[in-house]
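Chemist: Given the coordinates of chain A, assemble chains B, C and D onto it according to the supplied hints.
Protein chains: 4
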Amino acid sequence: MGEDKKEEVCCCCEKHKERSDKEYRDLMNRLKRIEGQVRGIQGMLEKDAYCIDILVQVSAINAALNSFNKKLLANHIGTCVAENIREGHDEVIQELVDVLPKLMK
Amino acid sequence: MGEDKKEEVCCCCEKHKERSDKEYRDLMNRLKRIEGQVRGIQGMLEKDAYCIDILVQVSAINAALNSFNKKLLANHIGTCVAENIREGHDEVIQELVDVLPKLMK
Amino acid sequence: MGEDKKEEVCCCCEKHKERSDKEYRDLMNRLKRIEGQVRGIQGMLEKDAYCIDILVQVSAINAALNSFNKKLLANHIGTCVAENIREGHDEVIQELVDVLPKLMK
Amino acid sequence: MGEDKKEEVCCCCEKHKERSDKEYRDLMNRLKRIEGQVRGIQGMLEKDAYCIDILVQVSAINAALNSFNKKLLANHIGTCVAENIREGHDEVIQELVDVLPKLMK
Numbered sequence: 000m001g002e003d004k005k006e007e008v009c010c011c012c013e014k015h016k017e018r019s020d021k022e023y024r025d026l027m028n029r030l031k032r033i034e035g036q037v038r039g040i041q042g043m044l045e046k047d048a049y050c051i052d053i054l055v056q057v058s059a060i061n062a063a064l065n066s067f068n069k070k071l072l073a074n075h076i077g078t079c080v081a082e083n084i085r086e087g088h089d090e091v092i093q094e095l096v097d098v099l100p101k102l103m104k
Numbered sequence: 000m001g002e003d004k005k006e007e008v009c010c011c012c013e014k015h016k017e018r019s020d021k022e023y024r025d026l027m028n029r030l031k032r033i034e035g036q037v038r039g040i041q042g043m044l045e046k047d048a049y050c051i052d053i054l055v056q057v058s059a060i061n062a063a064l065n066s067f068n069k070k071l072l073a074n075h076i077g078t079c080v081a082e083n084i085r086e087g088h089d090e091v092i093q094e095l096v097d098v099l100p101k102l103m104k
Numbered sequence: 000m001g002e003d004k005k006e007e008v009c010c011c012c013e014k015h016k017e018r019s020d021k022e023y024r025d026l027m028n029r030l031k032r033i034e035g036q037v038r039g040i041q042g043m044l045e046k047d048a049y050c051i052d053i054l055v056q057v058s059a060i061n062a063a064l065n066s067f068n069k070k071l072l073a074n075h076i077g078t079c080v081a082e083n084i085r086e087g088h089d090e091v092i093q094e095l096v097d098v099l100p101k102l103m104k
Numbered sequence: 000m001g002e003d004k005k006e007e008v009c010c011c012c013e014k015h016k017e018r019s020d021k022e023y024r025d026l027m028n029r030l031k032r033i034e035g036q037v038r039g040i041q042g043m044l045e046k047d048a049y050c051i052d053i054l055v056q057v058s059a060i061n062a063a064l065n066s067f068n069k070k071l072l073a074n075h076i077g078t079c080v081a082e083n084i085r086e087g088h089d090e091v092i093q094e095l096v097d098v099l100p101k102l103m104k
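As they're listed, the protein sequences go chains A, B, C and D.
So in numbering that gives the first Met the number 0, spot 21 of the first sequence is number 20, and the numbers just go up one at a time.
So in numbering that gives the first Met the number 0, spot 22 of the second sequence is number 21, and the numbers just go up one at a time.
So in numbering that gives the first Met the number 0, spot 5 of the third sequence is number 4, and the numbers just go up one at a time.
So in numbering that gives the first Met the number 0, spot 54 of the fourth sequence is number 53, and the numbers just go up one at a time.
Worth flagging that the hints you see were computed from the coordinates, not collected in a lab.
One or more hints might be untrue.
Heads up, the list lumps identical chains together, so a pair's fine if it works in one copy or across two of them.
As the list claims (entries may be wrong) - Keeping only pairs whose Cα atoms sit at most 30 Å apart, straight-line, the calculated DSSO-like set for lysine-lysine is:
no., residue 1, residue 2
1, K104, K46
2, K101, K46
3, K70, K21
Chain A on its own, in the form it takes in the complex (with noise of 0.2 Å):
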């Protein structure tokens, strides 16, 4: 996310996808974090940690991960789709409804 940010929060043109800085890092965080716990499972696994406390731990990332997903796609569909279909650009839609059933159980 460069210095010479334009004035509008939200741009989905040409697929990129503007975010406001507090979105940037609330998002960059969740990373951050998520990579911290990909790597403190590395050092478990080195110190052979039990197996049931790896899948406890596994899953906690799972959980980050989805959460993660679930913000970025509220926020999507807050920004991004409704401006688009208010402007005429139904793609939009389809591009959502075909998404979808990659994060649905």
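Modeler: Below, chains B, C and D alone, put in the same frame as chain A:
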């Protein structure tokens, strides 16, 4: 996993688990790849990547983590659980029963 | 879905949703099949079926229900959500954002 | 589950499983309730219920089925799996390892 690894390929006593070299390397390689994927998403975020593209990549990490967990769990059942039941340490059953809901849908 | 169905194929106002005959029949058929699957498992239980066989059948029902939900959600987004956004009823966005976590992993 | 139920509370041989009366009734009651929930959704569809309301109810059925599966699996591990391992029938391990991925996220 040091050089002073003992003879036994599986010891699940005292909440530790010695893994075979092959299993250790497989699991560690998976974690290194997953760490790389998480960093890849940080890079996408820095480049203002489109929400949908990020959502798809995060789903791929979730799938990789679940695959890691399935591998680890299968090995745990085939070694620790089976051995402990044979030796009369039935508390391993309750432990497995308690962790499964965390891993199930 | 009575005979007095109005002209419009989609009306999402007042928390109702008129579905096209085709969509209605598709969804209802899926539910009838799912009901049959649930009764099938009752029959398995009565015949002392093996746990593993029951677990597999229950997983099949879960998959059928998820498939039903994906279908319904895709239709909801393509009709109700899109129409309401176009007409300025943006509360449909928050409603969608609130329900998605219940459907996601 | 006939009247001629044998003494043993668990017999997992020949791919059958005799369940205690208590377990049988608990599992059957859950299935009856789930069948009622599926019919309830058919009723919602007939009354042109709103998509979001249907999605939430289907999620509730999924949760009930998962809860049923967790119960059944816990009992299977505590009885069939443990007994078979003690008696040297280790094929029960592979069987469990094969079914778990179907039940996991």
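Chemist: Each hint needs a verdict: does it hold in this structure or not?
Modeler: Okay, the hints, checked on the actual structure:
1. K104 x K46: Between copies only: 27 Å across, 34 Å inside.
2. K101 x K46: Between copies only: 23 Å across, 35 Å inside.
3. K70 x K21: within (13 Å within a copy, 34 Å between copies)
Violated hints: none; the structure is consistent with every hint.
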